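J.: Chains as they are written, first to last, in my numbering: chain A, 23 to 263; chain B, 23 to 263.
Do not rely on the hints blindly, as some may be mistaken.
Each pair may be met inside one copy or between any two copies, as identical chains are not told apart.
[Unchecked claim] Quick list of in silico lysine-lysine cross-link-like pairs, DSSO-like style, CA-CA up to 27 Å:
| hint | residue 1 | residue 2 |
| --- | --- | --- |
| 1 | Lys183 | Lys196 |
| 2 | Lys82 | Lys183 |
| 3 | Lys50 | Lys196 |
| 4 | Lys101 | Lys196 |
Hint data in this document are derived by calculation from the structure and do not stem from the laboratory. Please read all numbers here as calculations on a predicted model, not as lab measurements.
2 protein chains.
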Amino acid sequence: MPNKNGHLQHISQQFNTELGQLRTDFLKMGGMVQDQVSQAIEALVNQNTDLAEKTRSADKEVDQMERLVDEEAYRVIAKRQPTASDLRLVMSVVKMVADLERIGDEAKKISKFAISLSENDSNVHGPRGLLEARHISNHVSEMVRDALDAFARFDTALALKVMKEDKRVDEEYKTATRTLVTFMMEDPRNISSCLSIMWVFRSLERVGDHACNIAEQVIFMVEGEDVRHTPMAEREKIVGH
Amino acid sequence: MPNKNGHLQHISQQFNTELGQLRTDFLKMGGMVQDQVSQAIEALVNQNTDLAEKTRSADKEVDQMERLVDEEAYRVIAKRQPTASDLRLVMSVVKMVADLERIGDEAKKISKFAISLSENDSNVHGPRGLLEARHISNHVSEMVRDALDAFARFDTALALKVMKEDKRVDEEYKTATRTLVTFMMEDPRNISSCLSIMWVFRSLERVGDHACNIAEQVIFMVEGEDVRHTPMAEREKIVGH
Chain A
23 MPNKNGHLQH
33 ISQQFNTELG
43 QLRTDFLKMG
53 GMVQDQVSQA
63 IEALVNQNTD
73 LAEKTRSADK
83 EVDQMERLVD
93 EEAYRVIAKR
103 QPTASDLRLV
113 MSVVKMVADL
123 ERIGDEAKKI
133 SKFAISLSEN
143 DSNVHGPRGL
153 LEARHISNHV
163 SEMVRDALDA
173 FARFDTALAL
183 KVMKEDKRVD
193 EEYKTATRTL
203 VTFMMEDPRN
213 ISSCLSIMWV
223 FRSLERVGDH
233 ACNIAEQVIF
243 MVEGEDVRHT
253 PMAEREKIVG
263 H
Chain B
23 MPNKNGHLQH
33 ISQQFNTELG
43 QLRTDFLKMG
53 GMVQDQVSQA
63 IEALVNQNTD
73 LAEKTRSADK
83 EVDQMERLVD
93 EEAYRVIAKR
103 QPTASDLRLV
113 MSVVKMVADL
123 ERIGDEAKKI
133 SKFAISLSEN
143 DSNVHGPRGL
153 LEARHISNHV
163 SEMVRDALDA
173 FARFDTALAL
183 KVMKEDKRVD
193 EEYKTATRTL
203 VTFMMEDPRN
213 ISSCLSIMWV
223 FRSLERVGDH
233 ACNIAEQVIF
243 MVEGEDVRHT
253 PMAEREKIVG
263 H
């Protein structure tokens, strides 16, 4: 039978294992939604309806993962009563898991547009804006990857980088949207397919927003400072850059 | 000096006061975003740029409120180490506060479109779809109000009602969008303003989604069951309807 210290050490080891599991499962879910986004865009650009259907149904697994991670987080709080940085870790995961789930939702929406676009080829020039969609998709996928790496490595500088990228994505989004409006005005037969691609742009822009939310939580987790709705200069001061 | 029981009672009274404060502040924030949505639509329909500007800047107060409620929730968890239904209440608030903040964001976006529409009167017929925007807005505002009432009264039947309404809103959204596509095809000069109104529809539809998320959390808080991604029939069984 262990003495009191041995017993406490045992508890603290178990606690660390549970926190580790929470981190691992969160990152696993992160990997799943990253795949979802890249496959959805692949399906769109190559008009691959099979891949689109597969991506669409992958959303169920992501949803299950969200429940699992939330349950783990609640259990850790109820059983271990974490405080300070441990509590911030758990609470950040609870916030971030909702962002991951919504990234999955956006990927699902993109898959749906991929399916409807390949079914409906009424447009004269083939869908416009696919190159732009791929470009923005690469950009926001990088943001999601960096946000997850920032979480895995407690890397606040990387989190800050993610937030800075968001402005560039917003610009790319606006430019791409303007181009599509021009196509729509040139020939009203383009309107329907251009609108679908426009919704795809919007979904991708939202993915970038969610990556930013995750990055904000990483800074909160590491520094204990809530940087949501904070000017960039102040964020830089907090992170020490 | 109070005896041990008196001391515990004192702690538990303070705890109840803190939980009450958390609930009150959450509901206050709910009232703020409800006002934001209705004012944004008012500004849009009446082309009232002053009101639109006011609504847009009200978002800062909502953001501050989000920080406050989150801080309160974290403090309660760290200090009081709640379990069971108390923990579910606090965790639900942490989830729901993010939905309220995003409802505020959508209202802000609608205000921006209201401003750009009244500046840009290039469309031939005046903006189309305003009636539909008001109609969907009334519907989703009702959902937000009901979701907040369901939270305030632990009313799971009302929460269920909110989730059922979402399907109807999605239908209204689709019909309204189709009407606008027709206007765009009829006269390409309508494209720009129709697109703005289409983004407004989308924002409103998102508001409905957030109301649903809040309703799901209410059921989790009261019943301890996670009904996200659960078929409606199962939700009804859980709620006992």
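J.: With reference to the structure, classify each hint as holding or not holding.
T.: These are the hints, each one checked on the structure:
In this assembly of identical chains, Lys183 and Lys196 lie within 27 Å of each other by CA distance solely inside one copy; the values are 21 Å within and 38 Å between copies. Within a single copy, Lys82 and Lys183 get their C-alpha atoms only as close as 31 Å, which misses the 27 Å cut-off; across copies the closest is 24 Å, which meets it. Taking CA atoms no more than 27 Å apart as the test, Lys50 paired with Lys196 passes in neither setting, with 32 Å inside one copy and 35 Å between copies. In this assembly of identical chains, the alpha carbons of Lys101 and Lys196 never lie at most 27 Å apart, being 48 Å within a copy and 46 Å across copies at closest.
In this structure, the earlier hints numbered 3, 4 are contradicted, and the remaining ones agree with it.
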